[in-house]
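**Student:** Sequence:
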Amino acid sequence: MEMTTYQLRNVCFRERLVDGLVQTLDREELIRTILKYRSAEASLFIRQSCLGGFDRVEAAARTYLNTPLKQLGDIRIPARIVLYIGMATDRQDRYRIEAGEELSESNALLVNEDGELCGILNVVKDATEAGVYYLQAGKDAELKRTKNRNYSLLFFRKLDSDYLYKTYYSAHPMPPTNLHYGKVPVAELEIRELEETTAVLAIDFGTSNTTAGAYLDSSYISSPPSHDVMNGRIRLNAINYVSFADMSGKQGAGMAMLPTVVSAADCSDPAAIQFYYGHDSLKQLKKNSYSGHATVFRGMKRWVNHYEKIEELTDPHGNVAQMKRSDIIRAYLLHVIETAEHQFKCRFNRLHFTSPVKLKSQSLEMFKEILPEYEIESEHALDEGMAVLYNTIADQIEKNNLTDGSEYQALVIDCGGGTTDVSSCRFRIEDGHVAYKIDIHTAYENGDTNFGGNNLTYRIMQYMKIVFADYYTHGRAAVTDIDTLIPIPGTDLFRYVDEEGIDAVYDTFKLRYEAAEAIIPTKYKQYEVRARDDYRRVRGNYYFLWEIAERMKTEFFRRTGILRNRFLNELGDKADNDLIITPVDRWCISVLDNGEFKDMNECPDVVFTIKEMTQLLRADIYEIVRKFLDEFYQDGRLQDYSIIKLTGQSCRIDVFREALKEFVPGRSIEFRQKSEDPGQVPDLKLACLRGAIRYQADRKAGYIESWITNEVPTIPYSVSAFTHNRREKMLMSSLERSDPSQTAISRPIGASEVEFHLKGSDGSARYTYVYTNRLSDYKSVLYEDIAALYGDRIRQEDTDSIMNGEAKFFVSAGNNRWGFEVIPVARIDDQLQLGKKRFFPFENEATELDFFDGLK
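The numbers in the working numbering rise by one with no breaks, and the one at position 167 of the sequence shown is 175.
Hints are not guaranteed to be accurate.
With beta-carbon atoms standing in for the labels, derived distance ranges [to be verified]:
# : residue 1 : residue 2 : range
1 : N733      : T780      : 17 to 27 Å
2 : D412      : G644      : 22 to 32 Å
3 : F730      : G509      : 22 to 32 Å
Since the hints were derived computationally from the structure, they do not count as laboratory data. Nothing here was measured: the structure is a model prediction, and the numbers come from that model. In this text, a Cβ means the ideal position worked out from N, Cα and C, and glycines have one as well.
Using the sequences and the hints given, assemble the complete structure.
**Tutor:** Spelled out as structure tokens, the structure:
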């Protein structure tokens, strides 16, 4: 595990290293100072390709390989090794090497019986087990297949390994030397090219986290890698999830989920910008105390309507570059694909993306544009709700729980990391002669782009900030009671939200949070005009509190039986089964005291309880459920649904079930809570991905024949415009099925700007769009031309009524796109004129909640 600058300075303090304390050293200098003191140095691995380096190392080996060392020849290596050209070999491949103290981290040479150099590998020490190393190589490592296939590995002392490193990268000849080595024959070694597969890689590109996987049958490639099958990385004739290494976890163990986060790693060459992805990105953010220069991107899924926008990037060294959002998403997705190809040892050409039902058209359009070299499933692509539902349908078919020919109705509530969506579905299953016949009708019902797991993390972060502010102000005697912040009893909370509204529940809480800003400031946007150190401290406060709030939320709601949680700098013995200790590598909160910042480095003696967390989140969760289901409940439609499916990583909180039972008492609600292991992903998060994979696999195998109809969605927005006498005219009504017919607002043809006002289902103003009207955009047409383009969406009687000099701006829901279209039709000198159509999305960044804008 890498150490922060703060931890490195503490090492210097404990070891009394004067250089590390007196001088103002950066992180790399501190590392060099400590290594020098401990007589250790960083390992010099040959990883990045260098022109001519391979030949120089081969020549040096032929000339100076003179002294065999017996102790280096007793190293134990795997009997069978398979290396792939153009693909990295890492710890996840589990090529384990066992040796005594004579071996250290070094470079190793792969040679054949004739002494030809066939590859350069790295021997990397295991972080936890003494005497254990792993064979690794970068994806650019040069591998050469020769006629002679009797291979051996040459191991070296560190001194000799460093000589080979300098030989590889040096442009000048190295002085002669005598290389000491140990030679270990490899029983069986293969150098392969990656084989293309017909299997489909399914990707669930989420707001907060991304998952991927594929169904791999026994013939997905001609020769499945036996090594990976035996160690469990590949399961034949089963669903396989892509495992993403989290180097901050235990031994860099992998998990089937990658945070949807990208940060700039190196912008020195604008044509070849390097990134950190997922866990690595978060690790870098943490390593730099949450206040580095590097640009960090989150919530990239929200870019679907504006993915051509240019972003400015800054790397940790201050280099600046510009890049399209589409290229950033592409880089992230290519990382996901490459990780899948590395794990499954094949080349994918076919991809399936799940997306929100309302944004399915725009999402698929974006994915096809940014990944043109891949075949992206569109005709049989499932939206997220449909994928979740098919997973349930497949389970019921396997259990024989569905009546042949009966129609079922289902409601899917998907609360993910950043958004919540509700979709409905009617389906009928018939047991046909050769396959199940499945007829599915699905529709979007409602949603909230500003509520998801991040809202719950933020609420917990707010509570932590209040508690810690009280602690640092009043000391150990401070006791922050959740019942004083939210004074409504838990049993009455749902009724109170119904009667008084959600804001009334958190009035006192919000006042205390604002008061805590004077003690533990987190609104770093307000510090941009202040001293640099002050800005970095405040920004660090927010990101640090956010991280520990996310970790505590995960611990509480992933595991059963955990009632209390506290933080400590080091993980000690657990005294109680109901108490979990969350270790924190570095505790540092900057507290304002009489206008001066003080760094608090000791964890507060505070214990958080599940009762507090439940009371804290109960009203938020009930409000979002009530918002979606109240209308269904009032008009009796809710009783028509035989399946109510909760999914998404946030739905694992029991309060969701409690809230649902207020509307559907005694009903069966599908809610899975599995995977208490910290290295595993909750079952609810994988339901969408699993459903998509099963659907594609069942179709491919011919087990099902399916017909999916996407019905007209319910639109939770209204669009209006004002007439010349300031009367508001409703052009599109909220919570109605989108209607292809058009309504219009009229303006003089010379009007250069026309405003359209978007409102939410509660009538609150969301955004004002401006249509820029240019006379040069109009072209003379006949009504028949308009009808050919828009059919009955613009009726002839509506165009016949247009006066000379008048322009009518017709408004309707976008054609299979989540937004509305404006189409201007005018009349000039008795001739119809058709203007330029423009699409406006219902949701854009100005209307979306950003938890990392520095104002929270």
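**Student:** Next step is simple, just say for each hint if it's right about the structure.
**Tutor:** Checked hints:
no.: 1; hint: N733 x T780: 17 to 27 Å; verdict: 23 Å, holds
no.: 2; hint: D412 x G644: 22 to 32 Å; verdict: 28 Å, holds
no.: 3; hint: F730 x G509: 22 to 32 Å; verdict: 29 Å, holds
Hint check: no violations occur; every hint is consistent with the structure.
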